[in-house]
Each structure stands twice: as C-alpha cells, then as structure tokens.
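Undergrad: Sequence:
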Amino acid sequence: MSHKQAEQKPGLASLLCLRRWPKGKWIVCLLGLVVCLGRAQQVTLELTSPPKQVLPGEVVTHVFRVLNQGETALSLEFRVHHPPGWSLLTPLIPEELLPGEEVWLFLTLAVPRGAEAGEYEVLLEVNWPAGSSSAAGEVWVLEVRGIELLAPEDGEGLPGGQVVYRFAVINRGNVVDSFSLEARSARGWPLSVSPRGLTLAPGERAEVTVRLTIPQDPHLERDLLEVSVASTFDPQVSDTAAVFTRVLPPTPELIVGSPYAELAATLGAGLSGDLWAGAGDSHFSLQALGQVLEGAFSLDLRLNGPVGTPFRLSTMSLGYHRAPVRAKLGNVSLTLTPLLRAGTWGVEAELEMSLLSLSLLSGWEGEEGQAGGKLVLSHEGWQWGLAYLETRGGGHAGAVAAWTEVPLAAGLGVHLEGGLGYEEPFTDRAGLCRLVAHAPPLLLLSWDLFTVGPHYPSLRRDQEGIGVSGRIWAAPL
1 MSHKQAEQKP GLASLLCLRR WPKGKWIVCL LGLVVCLGRA QQVTLELTSP PKQVLPGEVV
61 THVFRVLNQG ETALSLEFRV HHPPGWSLLT PLIPEELLPG EEVWLFLTLA VPRGAEAGEY
121 EVLLEVNWPA GSSSAAGEVW VLEVRGIELL APEDGEGLPG GQVVYRFAVI NRGNVVDSFS
181 LEARSARGWP LSVSPRGLTL APGERAEVTV RLTIPQDPHL ERDLLEVSVA STFDPQVSDT
241 AAVFTRVLPP TPELIVGSPY AELAATLGAG LSGDLWAGAG DSHFSLQALG QVLEGAFSLD
301 LRLNGPVGTP FRLSTMSLGY HRAPVRAKLG NVSLTLTPLL RAGTWGVEAE LEMSLLSLSL
361 LSGWEGEEGQ AGGKLVLSHE GWQWGLAYLE TRGGGHAGAV AAWTEVPLAA GLGVHLEGGL
421 GYEEPFTDRA GLCRLVAHAP PLLLLSWDLF TVGPHYPSLR RDQEGIGVSG RIWAAPL
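Sequence positions in the sequence shown follow my numbering and run 1 to 477.
Everything labelled a hint here was simulated from the structure, so no lab data went into it.
For each residue, glycine too, the CB sits at the ideal point set by N, CA and C.
Label pairs and their computed distance ranges (CB to CB):
1. Leu-355 with Thr-232: 35 to 45 Å
2. Asp-154 with Gln-216: 14 to 24 Å
3. His-379 with Gly-146: 28 to 38 Å
4. Glu-424 with Phe-233: 30 to 40 Å
5. Trp-384 with Ser-134: 53 to 63 Å
6. Phe-233 with Ser-194: 21 to 31 Å
With the hints as constraints, model all of the structure from the sequences given.
TA: What follows is the structure in structure tokens.
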C-alpha cells in the first residue's frame with residue numbers, strides 16, 4: 001500500500017502545478033488519466049450468491065455476474081481457484097461480450113467426502129487483454145461426526161488365564177473428535193480397557209486393548225464381551241462390537257449350562273441443562289447381558305426425554321447368539337467387504353459353519369431402506385465370497401461384489417475384490433487389492449491399492465489410491 005502511495009504523489013503534485021505546464025502537456029496528461037480509468041472499469045465482476053453451507057460429499061453452486069462496461073467488444077477468459085480435492089463440474093469456455101452485454105456464471109463444485117469442516121473459498125478470475133478482475137465466494141463445510149468400532153476374532157482361554165482382545169477405532173467424521181470407551185462382560189468377569197479415551201483426527205485409526213480374566217471355575221463355558229465407543233461431544237455418535245470368549249474345559253466333557261435366563265442388567269439415567277438458557281435434556285438407558293436358553297443374549301435401550309424433548313426411543317439393539325446362528329434386531333450394521341458396508345434400523349442374521357457362512361441384513365430408517373448380504377466359502381485359509389447391497393428411498397443404488405483371499409505364505413495373504421455398482425441412471429465399478437502381513441500378536445500390516453467410481457455405493461466413493469495401516473505391539477517390560 002505504501003508503494004502505491006509513493007507512485008501517486010508525483011501525479012497529485014503535477015495536478016496542483018498545472019499553471020506551470022505548457023497547455024499541450026497537461027491536456028495529454030488528463031486524456032491519459034481518463035483512458036486509464038476507463039480501462040480499469042471495462043469489466044465488472046460481481047458475486048451474487050450468499051455464503052453457502054454444505055455437507056461432505058455434496059455439491060455447491062456460486063453465481064457470478066460479469067458485465068462489459070467498455071465501449072468495445074471484449075474477449076474474456078475464466079479461471080477458477082478452488083480447494084485441493086474439490087471437483088469443478090461447470091465447464092469454462094471463453095466469452096465474447098459486446099459493450100453493455102453481461103453473462104451469468106453458475107460455478108458448481110463437488111465437495112469430497114473426506115473434506116474437513118471449516119471455511120473455504122472459491123475464487124473466479126476473469127482476464128481480458130487490458131486487465132483482469134476476481135471475486136470469491138465463501139463455502140462452509142459443516143461438521144459431521146462418525147465412529148466405527150472393529151472387533152477381532154472370538155477368543156478362548158483356560159480357567160484362571162487371560163485373553164487379550166485388540167479393537168480398532170476409526171474416526172469416520174470430518175472433525176477432530178474425542179471418544180470414550182467402555183467394556184462389559186456378560187458374566188461380570190474382571191477386565192481392563194486401555195486406553196479409555198482417544199482423540200482422533202478425521203480418518204485416523206487407533207487400537208484399544210481389552211484384557212479379560214477368566215475366573216478359576218471348571219464349570220464355565222463362555223462369556224460375551226461387549227465394547228462400546230461414543231463421542232464425548234455427541235454421545236449419540238457411537239458404535240458397539242462384541243466377541244465371545246470360549247473357556248477351554250479342563251476335561252474332555254462339556255458342562256451343560258442352565259436353560260434359565262441369567263442376565264446382568266444395568267439401568268441408568270442422565271439429566272443435563274443450561275440454567276441461563278432454560279434448556280435441558282434427559283435420558284434413560286437399560287443394558288443387559290447374559291445366557292438365555294444356552295445362548296448369549298444382549299439388550300441395549302436408550303430413551304430420550306421427557307426434559308427437553310418428548311419421550312423418544314433413540315437406540316435399541318437386541319441380540320442373540322447360539323451357534324451356529326447369530327441374530328440382531330434394532331440398530332444393525334454389516335461389513336460386506338472392505339469396500340461395502342450396510343447400516344440401518346432393522347434385522348441382521350448370520351449362519352456360520354465350518355466351510356460356509358451366510359449373513360443377511362434388511363431394514364428401513366427415515367426415508368431410506370437397505371438390504372444386503374454375503375456368502376463366504378472357506379477352505380484351508382482360502383476364501384471365496386459374494387456380496388450384495390441395495391438402497392432404496394430418495395434414489396435407487398446398489399452393488400454386487402466378488403472377492404477371494406489367498407494365503408501366499410505363513411502370515412502373508414492377499415485379498416482381491418471387484419464390484420459393479422449403480423446409482424440410477426449411472427453404472428460404475430470398483431476394485432481393491434489388499435496385501436496383509438500378520439504375525440500375531442506382534443505385527444499386523446496391510447497395504448491397499450484401490451479404485452472406486454463416483455456412483456459405486458462405498459465409503460471410498462469417487463476415490464483411488466494407496467492406503468497403508470497396521471500395528472506393532474510389544475509386551476510391557
């Protein structure tokens with residue numbers, strides 16, 4: 001700014017001393033000044049749309065007005081500067097504007113699903129032979145919170161021993177979030193959780209270790225361990241996973257359990273409020289775990305109200321497992337493949353045998369219904385599978401995928417997956433190659449090479465690249 005002022009002072013001084021100049025010189029100076037001002041105002045660029053708010057994965061449009069205020073026709077070229085990873089959907093072509101003519105530009109951009117929350121800027125630049133102009137529109141990407149909890153395989157141990165489980169927690173939102181973790185044993189066995197709290201960036205993954213101690217009792221058979229994770233900023237953002245612990249018998253004979261229900265239940269209530277604003281919130285919860293008819297039963301209910309809002313059932317999950325069948329009612333989710341996942345309010349069922357497993361999910365939530373399933377054949381470390389996912393409601397989308405898992409060497413395997421999807425009226429495809437190195441319990445590494453089209457119903461929709469994840473664990477000294 002100081003540089004521009006230094007350039008302007010001689011001009012002002014010259015204007016104050018016009019009487020000392022010859023008549024021809026100051027006339028030429030005034031004509032040059034008028035021409036320069038005219039050129040600077042030849043094109044007017046104006047943003048006509050207000051600041052926009054958008055969710056990750058949606059599209060946003062800003063409107064610009066361009067006016068030729070000059071006396072001659074102008075050839076205009078346009079350039080758009082947008083945040084990295086965003087996609088410009090509006091084609092930009094040069095425009096020829098006559099004097100007094102104007103053009104309206106509707107700039108539409110696709111916001112990536114992984115966009116972090118915050119303020120962004122979309123800048124339009126207009127260039128013509130005598131100059132340029134620019135204008136910017138604001139875009140606010142709203143906060144989205146999400147969490148996923150992945151459970152390990154079921155475990156087993158001897159009475160008096162300890163079984164260690166490692167759960168994976170993934171932040172599926174677009175903001176940094178803090179999470180709290182809890183674990184419950186259906187039979188009340190001693191356990192420990194480490195860590196009990198996590199702070200994760202968007203997309204970040206962390207590991208939680210749960211150590212379960214089996215009591216010294218020869219009549220024990222198995223226990224259901226349930227782990228839940230919830231956001232400390234919004235407890236409604238949560239996920240739950242469970243594993244079974246089988247107690248190895250001290251003798252070849254299995255001890256038959258009681259046919260009667262044995263449930264450990266927890267009843268809770270919460271009340272919060274803002275005295276200054278006069279607002280409040282309350283809820284009631286019921287959780288139960290135990291054995292029913294020689295099977296494992298779990299119940300999780302949460303009822304919001306009456307303070308703040310009328311009574312409303314916000315969470316319900318009812319599960320039962322008796323080999324080889326597992327069933328769940330309420331808030332259900334099912335991982336079909338590494339690229340396909342279903343989640344809704346409905347019912348989930350699973351049949352698991354030595355060589356074959358079949359999983360099905362169906363339900364409806366809000367205006368969207370989901371159905372999906374997978375069939376897996378296993379033999380000596382090899383796996384072959386088929387998966388199906390369909391979504392109806394506001395639109396119609398679905399996918400069919402096939403995959404195989406091949407053991408390459410001890411602790412080394414490869415997962416190959418291909419799928420065809422559609423999002424009416426478009427069809428699309430996806431592919432994944434995953435290499436896994438596993439040396440339990442010290443090492444687990446995986447490398448992903450993937451490509452997913454924009455109309456394939458996956459969490460990695462419209463992405464392609466390479467992903468690396470894993471863990472290295474060492475026993476404490």
